[in-house]
Every structure is written in C-alpha cells, then in structure tokens.
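Peer 1: Chain by chain, the residues:
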Amino acid sequence: MTLFPEVPDDNATAQLIAQAVAGEQQAYAELYEQFASGVYRLCYSLLLNTHDAEDVVQETFVYAFRNLARYDANKSAFKTWLYTIAVSRCRNLYRRQRMLTLDISQLLHANLAAPKQETPEAVFTQRSVQEALRDALAKLSPTLREAVVLRYGHGLAYREIAEVMNCPQKTAESRVRLAHKQLHHLLLPLGQGLLEELLQF
Amino acid sequence: MNWDCHYTRTRLHGYLNRELPVQERRLVGQHLDNCPQCQAFYQRQRLLSRDLERELPRFGMPQPYQLQQVWANVQAQLALGALPNSAPMPSRWWYSVAVVVLMLFLALPVVSGRSRAHMLPPLPPSPMLQYKTATPTALKPPVQVALFSQTAAVQRAVTSAKLYNTPVPLPSQP
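Chains A and B are the protein sequences, given in the same order.
For the record, in the first sequence the residue sitting at position 201 is 201 according to my numbering, with numbers rising by one throughout.
Each number in my numbering corresponds to the 1-based position in the second sequence with 201 added.
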C-alpha cells in the first residue's frame with residue numbers, strides 16, 4: 001500500500017466505481033488504496049488524534065462502499081464526496097468530545113512546553129515543524145481548521161470546499177481567509193517568520 | 202495605517218491567490234510597490250501561504266501499517282453487514298407504490314360509499330325509540346319501549362310518541 005498513490009483521473013475513478021458496483025472486490029481495494037491516504041490526512045488534520053482519525057477513515061469507507069451505488073458523478077467528484085462523508089463524521093466526533101473547548105495542544109504536548117524564559121526561536125527549534133503546525137491547527141476553531149486544511153492540505157478549490165463544508169462559496173472563502181489570518185498570528189511568534197525557520201529544517 | 206493600506210490588506214489574501222478582479226489587483230499591486238509596511242506584511246503572508254501549501258499536505262501522513270489495519274477493519278465490517286452488492290440498491294419507488302396500494306385498499310369502503318358497518322351481519326331486533334313521559338318527577342321516569350315488530354296499534358302509539366308533551370294512550374289489552 002503506497003502512501004502517495006498516483007492521483008487517479010476522473011475516468012479511471014469512474015471506471016473503478018463502476019467495477020465495484022458491478023461486484024468486483026478488487027475495485028474496492030483499489031479505490032481504498034487511491035483515496036485512503038488523503039482521507040486519513042484530512043481526518044488527522046481535523047481531529048489531531050491518530051485513533052480517532054483511523055476510526056473515522058474506517059467509518060467513511062464503510063459508509064461510502066455500502067452506498068457506492070448512490071454516488072452520482074455528475075454532482076461531485078468522488079474525492080469531494082468522500083471528504084464530505086469524512087468531514088461530517090469528524091464533526092460528529094468534535095461534538096461528542098467537545099473539542100471546541102479543549103486545548104488539544106496542551107493535552108498532546110504538555111511535556112514539550114518550554115520554560116517562559118526561552119526565546120521563541122529556541123522554543124521553535126525544539127519542536128518539529130509538524131508539531132508547530134499541530135499546535136497552531138489545534139488553536140483554530142473546527143470550522144476554520146476544516147477550511148484551511150481543505151484548501152492548503154488538499155488543494156481543493158473554493159467551490160469544492162463549499163461543497164464539503166456545506167456552505168456558500170463566499171463563506172468558504174472568508175473562512176480560509178480568516179484561518180490564514182489566525183495562523184499568521186499563531187505561527188509568527190514561534191520564530192521570525194515561519195518560513196525562514198522552516199527552511200532551516 | 203491609512204485607507205489605502207486598509208484597502209490593500211483586506212484584499213491581500215485574494216491577491217496572493219490571484220482571485221481579485223483585474224482592477225482591484227492593479228490597485229493592490231500599485232500600493233504594495235509604494236508602501237514598505239504593506240510590502241513587508243505581504244511578504245510575510247506570502248511566506249505563510251507557501252509554507253502551508255508545502256507543509257499541510259505532509260501533515261498527518263499515515264504509516265502503511267495504519268492504512269492496512271484500517272482496510273482490514275473495513276473489509277471485516279463490510280463482511281459482517283450488508284456487503285456492497287453487485288446489483289444496485291433497490292430504488293425507493295417500490296416502497297412508495299406499496300404504500301399507495303395499501304392506502305387505496307384501506308380507503309376503498311369509504312370511496313365506494315360503503316362503510317365496514319354495512320358489511321356486518323344484521324343485528325337482532327333492538328329498541329328503536331325511547332320516550333319519556335311528560336310528567337315531571339323527581340324519580341326516574343318510566344321508560345316505555347316500542348318495538349317495530351308490534352301490531353298496528355302499537356305503531357300508532359309510536360308515531361304519537363314523537364310529541365313529547367302528549368301522553369300516549371297505551372293500547373287496551375284484549
């Protein structure tokens with residue numbers, strides 16, 4: 001199973017879906033292989049927890065495969081459809097876990113918190129880039145996190161983000177803009193410009 | 202920060218993503234060329250966008266064993282529940298038709314002008330008319346019962362019984 005599968009074109013995906021609906025078990029495996037990594041990254045970016053992400057990926061594919069015959073390629077791309085299912089399940093999980101009020105970064109990295117006397121640069125160098133990003137994402141609201149992850153993490157167009165998030169396109173745009181602004185404020189104090197620091201790694 | 206700076210900064214995200222209309226893009230670009238503060242702000246934003254585009258796709262990358270484990274669970278769950286079948290799922294129209302047929306069946310007696318009561322066997326003779334005497338009394342007034350199956354004399358009594366204030370002369374016994 002490859003982590004970076006080749007991005008299938010729409011025709012290849014449509015063919016795989018048709019084969020799966022026709023009962024070919026191998027087609028299910030291929031669809032999973034093509035899209036599982038992306039769905040997992042999305043879920044992990046939103047939930048910031050490995051076990052929850054795995055559970056949601058599992059739920060997403062079970063639901064999608066059971067309802068594959070209902071998928072309409074004219075309405076949305078298969079990836080968008082899968083992401084819509086995944087985001088919906090992630091939202092259910094936030095609600096259950098009250099993630100809105102939890103500071104996940106404190107839970108996950110309590111032992112990594114640096115003494116206050118250390119400079120921001122020193123703090124930043126002690127953390128990996130991924131951890132810094134995780135902390136910043138954890139401080140965003142779930143809605144803004146969804147928007148920025150879909151935009152920058154998965155390269156979705158605003159129209160697709162709006163579809164996945166079930167909101168107007170203008171709302172999706174403003175959410176991405178707001179998330180970008182908040183990340184700017186969250187990440188810059190970690191160093192003198194995130195990119196300069198990141199490029200050193 | 203003057204009005205031009207405000208105008209530029211509120212549109213900077215769109216400018217970065219090349220989503221502004223031509224006219225607005227030109228105005229923002231001109232301001233950035235002339236305002237060092239906004240230019241510095243723009244560079245930081247651009248840096249962050251580039252960084253997010255580079256880092257977020259790698260964020261949360263799963264290990265192969267994780268995906269394999271999830272796939273095993275997906276397969277197990279599909280095997281336990283309704284397997285994705287080759288045939289498309291039965292469409293919902295069949296259920297709608299069944300409901301309509303059931304409703305029609307239930308409504309048939311009403312539509313045809315016959316209620317279910319008409320289909321029952323005839324009841325045994327029962328008192329068809331009751332009347333009370335006009336005499337006011339504290340006691341419970343006697344109730345006299347007339348049956349349709351009685352003689353013509355009784356039939357007259359029944360007819361006159363419709364006038365509540367008129368005492369009904371009972372037929373004399375033979």
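Bear in mind the hints are in silico, worked out from the structure with no lab data behind them.
None of the values given here were measured: they were computed from a predicted structure.
A hint or two may mislead.
Derived CB-CB ranges, DEER-like [what the hints assert, rightly or not]:
#1 E131/A x W294/B: 51 to 59 angstroms
#2 A12/A x T211/B: 54 to 62 angstroms
#3 K75/A x A277/B: 45 to 53 angstroms
#4 A73/A x V298/B: 23 to 31 angstroms
#5 Q169/A x Q270/B: 16 to 24 angstroms
#6 K75/A x Y266/B: 14 to 22 angstroms
#7 E131/A x D205/B: 37 to 45 angstroms
#8 D9/A x A280/B: 28 to 36 angstroms
#9 L307/B x K139/A: 55 to 63 angstroms
Backbone N, C-alpha and C fix where the C-beta goes; we use that ideal spot for every residue, glycine too.
Peer 1: Now tell me if each hint is right for this structure.
Peer 2: Evaluated hints:
| no. | hint | verdict |
| --- | --- | --- |
| 1 | E131/A x W294/B: 51 to 59 angstroms | holds, 54 angstroms |
| 2 | A12/A x T211/B: 54 to 62 angstroms | violated, 42 angstroms |
| 3 | K75/A x A277/B: 45 to 53 angstroms | violated, 30 angstroms |
| 4 | A73/A x V298/B: 23 to 31 angstroms | holds, 28 angstroms |
| 5 | Q169/A x Q270/B: 16 to 24 angstroms | violated, 37 angstroms |
| 6 | K75/A x Y266/B: 14 to 22 angstroms | violated, 35 angstroms |
| 7 | E131/A x D205/B: 37 to 45 angstroms | holds, 39 angstroms |
| 8 | D9/A x A280/B: 28 to 36 angstroms | holds, 31 angstroms |
| 9 | L307/B x K139/A: 55 to 63 angstroms | holds, 60 angstroms |
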